[in-house]
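For chain A, the structure is supplied; the task is to place chains U, H and V on it using the hints.
Protein chains: 4
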Amino acid sequence: MKIKAGVIGATGYAGVELVRLLLKHPDVEISALSSVSFEGKQISEIYPSLREICDDTCTTSEDVVNSSDVVFAALPHGLSQDTAYQCTQQGKKFIDLGADFRLENPEDYEKWYGCEYKYPELHDKAVYGIPELFREEIKGKSIVGNPGCYPTSIALGLAPALKAGVIEPLGIVIDSKSGVTGAGRKPTQNTHFPECNEAFSAYKVANHRHTPEIEQALGKVAGGSVSVTFVPHLLPVNRGILSTMYAKLTGKLTLNEIRLIYEEAYKNEFFVRVLPEGTSVDIRNVKCSNYCDIQLYMDEHTNLLIVTSVIDNMVKGAAGQAIQNMNLLFGLRETAGIDMIPTAF
Amino acid sequence: MKIKAGVIGATGYAGVELVRLLLKHPDVEISALSSVSFEGKQISEIYPSLREICDDTCTTSEDVVNSSDVVFAALPHGLSQDTAYQCTQQGKKFIDLGADFRLENPEDYEKWYGCEYKYPELHDKAVYGIPELFREEIKGKSIVGNPGCYPTSIALGLAPALKAGVIEPLGIVIDSKSGVTGAGRKPTQNTHFPECNEAFSAYKVANHRHTPEIEQALGKVAGGSVSVTFVPHLLPVNRGILSTMYAKLTGKLTLNEIRLIYEEAYKNEFFVRVLPEGTSVDIRNVKCSNYCDIQLYMDEHTNLLIVTSVIDNMVKGAAGQAIQNMNLLFGLRETAGIDMIPTAF
Amino acid sequence: MKIKAGVIGATGYAGVELVRLLLKHPDVEISALSSVSFEGKQISEIYPSLREICDDTCTTSEDVVNSSDVVFAALPHGLSQDTAYQCTQQGKKFIDLGADFRLENPEDYEKWYGCEYKYPELHDKAVYGIPELFREEIKGKSIVGNPGCYPTSIALGLAPALKAGVIEPLGIVIDSKSGVTGAGRKPTQNTHFPECNEAFSAYKVANHRHTPEIEQALGKVAGGSVSVTFVPHLLPVNRGILSTMYAKLTGKLTLNEIRLIYEEAYKNEFFVRVLPEGTSVDIRNVKCSNYCDIQLYMDEHTNLLIVTSVIDNMVKGAAGQAIQNMNLLFGLRETAGIDMIPTAF
Amino acid sequence: MKIKAGVIGATGYAGVELVRLLLKHPDVEISALSSVSFEGKQISEIYPSLREICDDTCTTSEDVVNSSDVVFAALPHGLSQDTAYQCTQQGKKFIDLGADFRLENPEDYEKWYGCEYKYPELHDKAVYGIPELFREEIKGKSIVGNPGCYPTSIALGLAPALKAGVIEPLGIVIDSKSGVTGAGRKPTQNTHFPECNEAFSAYKVANHRHTPEIEQALGKVAGGSVSVTFVPHLLPVNRGILSTMYAKLTGKLTLNEIRLIYEEAYKNEFFVRVLPEGTSVDIRNVKCSNYCDIQLYMDEHTNLLIVTSVIDNMVKGAAGQAIQNMNLLFGLRETAGIDMIPTAF
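Residue numbers (my numbering), protein chains in the order written: chain A, 1 to 345; chain U, 1 to 345; chain H, 1 to 345; chain V, 1 to 345.
Since the hints were made in silico from the structure, they are not lab data.
You can take every hint at face value.
Identical chains blur together in the list; that is why a pair holds if it fits in one copy or across any two.
Below, simulated DSS-like cross-link-like pairs (lysine-lysine); rule was C-alpha separation at most 25 Å, straight line: (1) Lys41 <-> Lys204; (2) Lys24 <-> Lys41; (3) Lys41 <-> Lys267; (4) Lys111 <-> Lys220; (5) Lys252 <-> Lys204; (6) Lys186 <-> Lys204; (7) Lys2 <-> Lys24.
Okay, chain A solo, but in the shape it has when bound:
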């Protein structure tokens, strides 16, 4: 029998990407979709790409919880906690694509999001869901804080080096560039085509909400405190994140030795590809897929390790990783429903 999966916030970009992927998942059927903005409308009215494929009518979040074995929520922060509570009361799995279950420290959450933990005990049941780094911890859990798109690209890019102690954990510089779907479905001046096309800018410089999440994720991996300077940029493409990371080398390993550490770390990971020397990561090579590509460089004259990583922000950075987490929660094949091949162009 198929797992019944529901999506709350199905008409946002992450939500509809979840719908698109879940529709093809071999072990899942969609139980219900909800949308505050479009309740009572068919999702295919909002996304005509889905016409005749999924014409489900958007209902309420309550309906979604009641009819589902697993509930995905793609909501603005602060709104997921009540749903998470309902799910746990009903013994259902909850995967939050928003930010409410990412930060483990309530003070951080309040500082960066201006919200409080409504049900502190829920946070103990929650896990931060990057399968490649925290797989075993995810398996038993009932609530997953699905990581932010930037933190996913960054944590996968830096984890092996931090774990192996080949880079300094403090003062890592991270320069990230994200496609515009990361800004969501709501039109704004910044994302209005004539002002976004042929444009490029940094935003929330050293002040983005993903900063504490990045430091937390890297800290877990490093087993100690990590500090980063994080600067995101808005890239005039639809999909994709490239993060360029600069970290001080600690010792005398060569680039080849560090590459071996990465290859070893990810040798059993279906979705992470450590590229051979002489090639470059490009967001187009992971487009519409759950892959993360990584390339390494060394700048000997400044003694830095430079790591570049790319993901599709809507897949590995959101809906795809959420399904990967679901697969872990339910003991399914981890790649089920998300082993799409990148589109190349």
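Leaving out everything else, chains U, H and V in the frame of chain A:
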């Protein structure tokens, strides 16, 4: 002494393009700018491209009228008539980049725009301003209805053939494609980057408000009734319109003979370039300029003349042509302030 | 046992799209890939998107034929005939994504492509493969001429109206716009990013090689001669074709009645969606899918039916339709391996 | 009498941008254009944007030297030295947009470009031409090494902080993103539209030829050794460079104090705009202009100064700055011919 020019609606796309061009006009100084949405703000706060170049504070339309010799209005339809009235009362020139003075027939105006002529006598004083086609009529006037972007590209493309009677005036098919600045500054779902980029669609098919304007302009040129099917498309670029026009040939002229008619018609026109055989018009070749490029083809097996024309919708299709009209009204060199060279890339 | 499928010309855009889709086809395994330009290289060196997914080494076309049950060829015209011959000699199916088996009249082929039929008898065995229009004829055949991208979008858009006699078959105007993948993988000045981005132009006006193919396909459907004026344009997007078609109405059917004819014609077609009134086709709604969306309009004052259709030129316009044809040849479920959901953004 | 200016390599992107700007320069007339690839062709055949504006026929570099008071060369490295020699022999000014006169150390030049100084004495006569930083040194010279696009954006962004000693000169991290015109006119696989559009990647990581030039320029300003890690990225837009720079703070100045240093440093500079707090630089705000916009940030928890700067790579990064240098050499108003207003969209 310089002409004092004011812009009402200066923070829309056509308005700010006017500002940009007027700032470099050798015979003009900007007297005042107004904006309903941003009154009291510097225009360079809205458009940081203008910082330290034009930091004028947006004022009211009354201030603009009072302080100017010529008033440009870039407003939604229906709102220009009162300003036009004030200008004529004060003996000032008025150039309307909106639609209120384009249609000469009040029924057409009411049918397509849902508005009435408030001051019918003003419309007698107004002229439809495509200088290349109606130059002598423009010169003495005090109100100019600055043409729509689509009609400009189309009228210039078809006029010589219609005038010479080499094509049938009825049933001309016009397939146009416009860059997104044509949709204005206000963000919408359709112009939200992720839904506009890598997208392409037709809109207002055979139902666009420029249709009666096109037929009116072509009818003047042809000296009789002209009917067109007009289908605009939204092109994922910032600037530019390409119109592809299909008209039945009337007789036995060869393509070369028709080309000679075009070359003769435009031989003294600075801003119209009839391209030589074997080359193509491209919106990029007129970008940021007031040029209109035209190329002609014949399909012998269906007996059609095919005309392609390109303009920059913001320049020849709006602000540039408005200044060209101003130059005519004030007896200035017609190319003054608008002889920019296309940027090529 | 899975069908062994080989791809000749696997490193072109249509070829690699075939590889991407075939890798996920439930009833197929890839037997061999060939490339003249990259023989001896792994396809994932050319397309790093395929790394760790398909690292097959490109071999020769002979190897492909020998090891396959069905051979797909994505080659420049003129080069497929020998391979087709080898396939038929070995009792294998051959699906040509090039132009060699599209035109049924050798004079047309010679006139438009400058090549001769090398094995005239092969052309008798070949079928023109648009499944929605010629399904029954395809089923028994061993050679398929996979249609051009433009003709596919056009034939699906006009077939019901032509079949029902609601439009005049002569003098149809077709204005098409194609994404740049349609121009192939080889870099050229026209497709160099700075000259293609923010650009738009028509090309091969009334002179494109797809013209006779369009007229042939429409003629089959209409049961008589059809003539078209066909003007393609290069659209600055990666994927997608939108065709806008203008045809004279023959009689007194209303738009709703014509819409019913279309809905009836395509009611059992998985891949064709006739949109409801009030909505528009957009290339983004079929991106990365095998769907064709169609919308209808009527211009009463010029008595035209206007049809807009969209496909993904790489899928329904090339690789997807080729697999759809393969499915028919082998009696598989027609949608197998190509029922991808459009990506929406 | 106007200055006679010639352009060698006029059909490359920097060359044609020079032509476009020189045509509007009030004190200059174009004497001759040359192109090895297109000798004997009109430049407007290569760039139809120039049709009827500049239809000059491309000649040889000798003709350019002989007929000009000042020669601009936009050539691949290694090719400018002989022309520079001819110019100095004839007492003419020479402005090199290539790399031959940028590096002052012959070993650096040989290491990074694989070429030798042919006329070492010429390099003594040459000056590195960023007017805002080295104005007085430029004035008397006869040869200008026009800076690279990346170094310009970077030197202007870091100079005030380095001069004032508020940042550490060693280990500065520079993450730059450039539009595709920076890659030149020649089509390549990487710049083929379908592989460049919707794509993003780093290239020549910590290995780009601009690295020694950056360190040299910053070293002059700092009065001592500066080391940087420089990583450029290819941005899918036509024009523009954004550099994000990360430098360790040396002391206790606040961000506001550092901002004051920048404002003071550039208060008389027409082309440099230090933005007010709360705003961001964007490449679109300097498009088609000679401006450089700068914004500053501080990351207190990692003790970094973050500087973002933007220029148009074709104008301030190439042709515009070359003309600015020419203006200095000839004692003209420094902004003459290059005070274009950015296009905003």
